[in-house]
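Protein sequence lines correspond, in order, to chains A and B.
Residue numbers for the first sequence follow the numbering used here, beginning at 23 and rising by one.
Residue numbers for the second sequence follow the numbering used here, beginning at 3 and rising by one.
A portion of the hints provided could be inaccurate.
[As the list claims (entries may be wrong)] Short derived list, chain A residues pointing at chain B, Cβ under 10 angstroms: (1) Arg-44; (2) Tyr-47; (3) Lys-71; (4) Ser-106; (5) Ile-127.
Everything labelled a hint here was simulated from the structure, so no lab data went into it.
Where a beta carbon is used, it is the ideal one built from N, C-alpha and C, also for glycine.
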Amino acid sequence: AQSVTQLDSQVPVFEEAPVELRCNYSSSVSVYLFWYVQYPNQGLQLLLKYLSGSTLVKGINGFEAEFNKSQTSFHLRKPSVHISDTAEYFCAVSALGGGATNKLIFGTGTLLAVQP
Amino acid sequence: DTGVSQNPRHKITKRGQNVTFRCDPISEHNRLYWYRQTLGQGPEFLTYFQNEAQLEKSRLLSDRFSAERPKGSFSTLEIQRTEQGDSAMYLCASSLKGGTGGNTIYFGEGSWLTVV
């Protein structure tokens, strides 16, 4: 079974400042890792995903994340945030393997609140 | 629009009534997922279809819940004898099957259910 921990329920940050949203996971099997963003009253949109290869993954809207296997982490970063980045961010994992359902297991989310 | 479509977007119902939600996945996607999301929480997996076959159901999916995907196209999620605890957003998602997984899962905008 897999689980995801997002320790920060809310991260306030000023516009144009850098931000890091933390994600740690637990799994008995190899996993794929994802970050999704959810704007108010909307569904989820994929920001980026790590499947294999380079541990630094670049996504949309200037976000990037780094996979750290030894620390079982997949933290999301952005060097300079905008007001429009205000949203809920979810880290998720899915089990690797052709027979897997690839269902996503989500963390509880982190609200990124960008202030002017 | 080639995204995942859900309707109705909002439903208010009295306790004890039945409700049905519909999901139209991205046309070429053969995998379809239902999730439930309550306020302040991440989405929780409910069930998964590959084509018309329902291959996995979460323990969250009580006997009052039933999902179908006739002909492997659209899907419906019915909740019978609704309870106030069923109030949540119900998210549908779809993806392609292939390889060892990791295919992007695309989400609809969700269907909000309020049971009064």
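Results of checking the hints against the structure:
Because the smallest distance between the Cβ of Arg-44/A and any Cβ of chain B comes to about 15 angstroms, over 10 angstroms, the interface hint for this residue is violated. The interface hint given for Tyr-47/A is violated, since its Cβ lies 13 angstroms from the closest Cβ of chain B, which is over the 10 angstroms cut-off. Interface hint at Lys-71/A: satisfied, since its Cβ lies 7 angstroms from the closest Cβ of chain B, which is below the 10 angstroms cut-off. Annotation: Ser-106/A was flagged as interfacial toward chain B, and the flag is violated, the nearest CB pair being 18 angstroms apart, outside 10 angstroms.
About 7 angstroms separates the beta-carbon of Ile-127/A from the nearest beta-carbon of chain B, less than 10 angstroms, and the hint is met.
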